[in-house]
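K.L.:
Kindly produce the complete structure, drawing on both the sequences and the hints.
First residue of the sequence shown? That's 756 in the working numbering, and the numbers climb one at a time after it.
Since the hints were derived computationally from the structure, they do not count as laboratory data. Here a beta-carbon is modelled for each residue, glycine too, at the ideal position from N, C-alpha and C. It cannot be assumed that every hint is accurate.
Said to hold, decoys possible - Straight-line Cα separation of at most 27 angstroms, DSSO-like style, residue types lysine-lysine; simulated pairs: (1) Lys973 / Lys962; (2) Lys801 / Lys962; (3) Lys962 / Lys905; (4) Lys784 / Lys812; (5) Lys973 / Lys944; (6) Lys973 / Lys948; (7) Lys825 / Lys815.
What the hints assert, rightly or not - DEER-style ranges, computed between Cβ atoms: (8) Phe919 / Arg945: 52 to 58 angstroms; (9) Asn803 / Thr928: 48 to 54 angstroms; (10) Lys948 / Arg918: 53 to 59 angstroms; (11) Val934 / Pro799: 41 to 47 angstroms; (12) Phe919 / Pro781: 27 to 33 angstroms; (13) Gln966 / His946: 29 to 35 angstroms.
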Amino acid sequence: MNNGNIKRLQKKLSVSKKPAVTVDSPLAKYDSSGILTCIICRIPIKPNVWKVHINSKQHKLNVDQAKQNKVEKPVTTTAPKDPTGPSTKTSAPAKNSSTLPDKTPQSSQEKHPPLIQEKTAQGNASSKPENETTVEKLPEKFFDEDKTNKSEAARLQDEEWQRFQQEIKRADTESSEIVADEQEDINLKRHIKEIDEQIDNWKRFIKINDQKKVLLSKKRRVDPKMEVDPELSSSEEDCSVDDLFDWRTKNLHS
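P.N.:
Structural data, given as structure tokens:
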């Protein structure tokens, strides 16, 4: 196969290649400049090697580590407020109660502190849900989608491999056809060349035979008594014809 055929095949294979597809995965993230990044490994990845990256050992280790961090991470809570606050509030009614006249019943003074304690308890209880919402959480079915992406990636790889095999077979078929056409052209040119050589030799033979006849006619004019042996002339003609046929057979066998 010559260089022209190789370049032609390479051009066909390069044209048949499809452009890169945008990665659509919950683990993938594009920044403002269009660079693809893995949110688990936090490294930039090229789109054409995304499937290789998600099947790599390092990526799987990072996914397992993220699962462990999600399970083992404790719930962070904010520090409670200054405990002196409720005490100051409770002391205020006591002072006020001391300034009141002695005629106020003692039961009304004892009811205020429990109400303040209930309010502080409700405030602490309401602060807990707010603190729990601050914990970072991964989206639901985050790791389940990773499994489905792996099966989808395996299916896409199988399809790409089948398309690659089909392209190779098509290229081999086209190459065989090109070689066969070139060989047929070479054989046709060789036969045409042999036929041209045979025609030239026939022309030479006819020319030599005509020259021989002219010489014999001149000799007869010079010496009319001279007789030409017919057997000799016929034998010479037969030899020349035999030589010509031998040459043709040699060319055919070569």
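K.L.:
All the hints need checking, so say for each whether the structure fits it.
P.N.:
So, going through the hints one by one against the coordinates:
1. Lys973 / Lys962: holds (17 angstroms)
2. Lys801 / Lys962: violated (79 angstroms)
3. Lys962 / Lys905: Violated. Lysine 962 to lysine 905 sits at ~86 angstroms, over the 27 angstroms cutoff.
4. Lys784 / Lys812: Within the cut-off at roughly 20 angstroms; holds.
5. Lys973 / Lys944: violated (44 angstroms)
6. Lys973 / Lys948: Violated, because 38 angstroms separates the two Cα atoms, which is more than 27 angstroms.
7. Lys825 / Lys815: Status holds; Cα separation ~15 angstroms.
8. Phe919 / Arg945: 52 to 58 angstroms: Between phenylalanine 919 and arginine 945, where Cβ atoms are some 39 angstroms apart, the hint is violated.
9. Asn803 / Thr928: 48 to 54 angstroms: At 28 angstroms between Cβs, range violated.
10. Lys948 / Arg918: 53 to 59 angstroms: violated (45 angstroms)
11. Val934 / Pro799: 41 to 47 angstroms: 46 angstroms Cβ-Cβ, so the 41 to 47 angstroms window holds.
12. Phe919 / Pro781: 27 to 33 angstroms: Given about 29 angstroms between the Cβ atoms, the range holds.
13. Gln966 / His946: 29 to 35 angstroms: Check passed, 31 angstroms falls within 29 to 35 angstroms.
In this structure, the hints that do not hold are numbers 2, 3, 5, 6, 8, 9, 10, in rising order.
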